[in-house]
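Q: Make a model of the complete structure from these sequences and hints.
Going down the list, the protein sequences come from chains R and C. Per numbering that gives the first Met the number 0, residue 0 is the first one in the first sequence, and the count goes up by one each step. Per numbering that gives the first Met the number 0, residue 0 is the first one in the second sequence, and the count goes up by one each step.
A hint or two may mislead.
Here are some chain R residues pointing at chain C (derived, C-beta under 8 Å) [as the list claims (entries may be wrong)]:
no., residue
1, Phe9
2, Val51
3, Phe82
4, Arg87
5, Asp91
6, Glu92
7, Ser93
8, Arg96
9, Leu97
Capping the alpha-carbon separation at 20 Å, the derived lysine to aspartate or glutamate pairs in EDC-like fashion look like this [as the list claims (entries may be wrong)]:
no., chain 1, residue 1, chain 2, residue 2
10, C, Lys47, R, Asp95
11, C, Lys44, R, Asp108
12, R, Lys106, C, Asp1
13, C, Lys44, R, Glu63
14, C, Lys47, R, Asp99
For the record, the hints were derived by calculation from the structure and aren't laboratory data. Even glycine gets a Cβ: it sits at the ideal position worked out from N, Cα and C.
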Amino acid sequence: MSADRLSITFAALADPTRRGILARLARGQASVNELAEPYDMSLAAVSKHLKVLERAGLISRGREAQWRPCRLEAAPMRDVADFIEFYRRFWDESLDRLGDYLAELQKADPDAPKN
Amino acid sequence: MDDLTVIAPPGETTITMTRSFNAPQTLVWKAMTEREHIVRWWGLKNSKVTVLAHDFRVAGEWRFEQAYADADTPNMVFYGSYREISPIASYTNSFGIEGMYPDDGLLETHSLAERDGVTYYTSVSRFQTVEARDGMVGSGMEYGARESMNQLDELLVALQQR
Chain R
0 MSADRLSITF
10 AALADPTRRG
20 ILARLARGQA
30 SVNELAEPYD
40 MSLAAVSKHL
50 KVLERAGLIS
60 RGREAQWRPC
70 RLEAAPMRDV
80 ADFIEFYRRF
90 WDESLDRLGD
100 YLAELQKADP
110 DAPKN
Chain C
0 MDDLTVIAPP
10 GETTITMTRS
20 FNAPQTLVWK
30 AMTEREHIVR
40 WWGLKNSKVT
50 VLAHDFRVAG
60 EWRFEQAYAD
70 ADTPNMVFYG
80 SYREISPIAS
90 YTNSFGIEGM
100 YPDDGLLETH
110 SLAERDGVTY
120 YTSVSRFQTV
130 EARDGMVGSG
140 MEYGARESMN
150 QLDELLVALQ
160 QR
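A: Okay, here's the thing in C-alpha cells:
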C-alpha cells in the first residue's frame, strides 16, 4: 500500500453521498445520470464526488461506452479491513504484555508504595 | 487478566476496548505513561520498542520505533502527539504509522478507573475521517465487492465476539 493511500480511502468514505453512490454501484454499474438521480444536487456536484472516489481507487470509469459507466472497485476496502485488524491485534498484544509487566512489577516489590 | 473486549458499534466511527489489570490505578498509569515502563510492554509480542520521543504533556510528541525479532519484518515507526492529559484518569493522543497512516486520522483516549484493587482500562479510538464502517457495513447495504465486504463483516463480528 502506498503512503497515505489508506487515509485517502478513509477520507473518500467519510461522506454520506459518496457512500450512497458506492451502495448504488454495489448493485451494478451505473451512469453519472443514474447516480445523480436520488440526490438533490447538480451533475457537476455528483461528478466531483465521483472524482474523489476514483482518486481513492474505490470506483473506475469505463471507456467503452459514451456514457462511461462507473464500477465499484474492492481493493481499497481490503486495506481498510487490514488496517483495523492490525490495529486490534496491536493493542491486544500490547495490553497482554502490559498485564504481564504489571504482575512482574508487583512481584518484584510487593511492598512498594502504590504510587 | 486477559479479558479484553473489543466493540465496534455499527453506526459509529469508534472502536472501544476494555480490559482489567490486577494492579492499582497509580501503577497502571505510571506503566502506561513513563518512558522506562513503556519500552517493556508497548507493541506486538516478539517486538522491541525504542522510544524516539516521549514528551508527555499536552501538544508534546511521541514517536516509537518497533523492531521485530524476525529480521524479515521491516521496522515500523508509530507517532503522534498528546492532546489531553488528566493524571491517573485519562489521556488522549493521536496515532499514526509512518509512511502508511498519518496521525491526523485517529485519536485514542485511554481511561483508567479502579475498583477493589482492580484497574479497569477503557480505550476509545476515533477514526476522524472514517464513517467508513458505518457506511460500508453498519447499514447492511448490499455491495458487489463481496469478498472485501465479507472480510470486513467477519472482522467486525470477530471484534464483537472477543
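Q: Would you mind marking each hint as holding or not holding in the structure?
A: Structure-based check of all given hints:
For the restraint placing R:Phe9 at the interface with chain C, the shortest Cβ-Cβ distance is roughly 4 Å, inside the 8 Å limit, so the hint holds. For R:Val51, the shortest C-beta to C-beta distance to chain C is roughly 12 Å, which exceeds 8 Å, and the interface hint is violated. Nearest Cβ of chain C to the Cβ of R:Phe82: about 7 Å, under the 8 Å cut. The hint holds. Because the beta carbon of R:Arg87 sits about 6 Å from the nearest beta carbon in chain C, less than 8 Å, this interface hint is met.
Taken as an interface hint, R:Asp91 checks out: its beta carbon lies about 6 Å from the nearest beta carbon of chain C, inside 8 Å. Proximity of R:Glu92 to chain C holds as hinted, the smallest CB-CB distance being about 5 Å (cut-off 8 Å). The closest approach between the C-beta of R:Ser93 and any C-beta of chain C is roughly 6 Å, which is under the 8 Å cut-off, so the hint is satisfied. Nearest Cβ of chain C to the Cβ of R:Arg96: about 4 Å, under the 8 Å cut. The hint holds.
The restraint placing R:Leu97 at the interface with chain C holds, with a minimum CB-CB distance near 4 Å, inside the 8 Å limit. A threshold of 20 Å between alpha carbons decides the hint, and for C:Lys47 with R:Asp95 the separation of about 15 Å falls inside it, so the pair holds. Distance check on the hinted pair: C:Lys44 and R:Asp108 sit about 25 Å apart at the alpha-carbon level, beyond 20 Å; violated. Taking the CA atoms of R:Lys106 and C:Asp1, the gap is near 18 Å; set against the 20 Å cutoff, the hint holds.
Taking the CA atoms of C:Lys44 and R:Glu63, the gap is about 51 Å. The hint is violated against a cut of 20 Å. As the CA atoms of C:Lys47 and R:Asp99 are separated by approximately 15 Å, the hinted pair is consistent with the 20 Å bound.
In this structure, the earlier hints numbered 2, 11 and 13 are contradicted, and the remaining ones agree with it.
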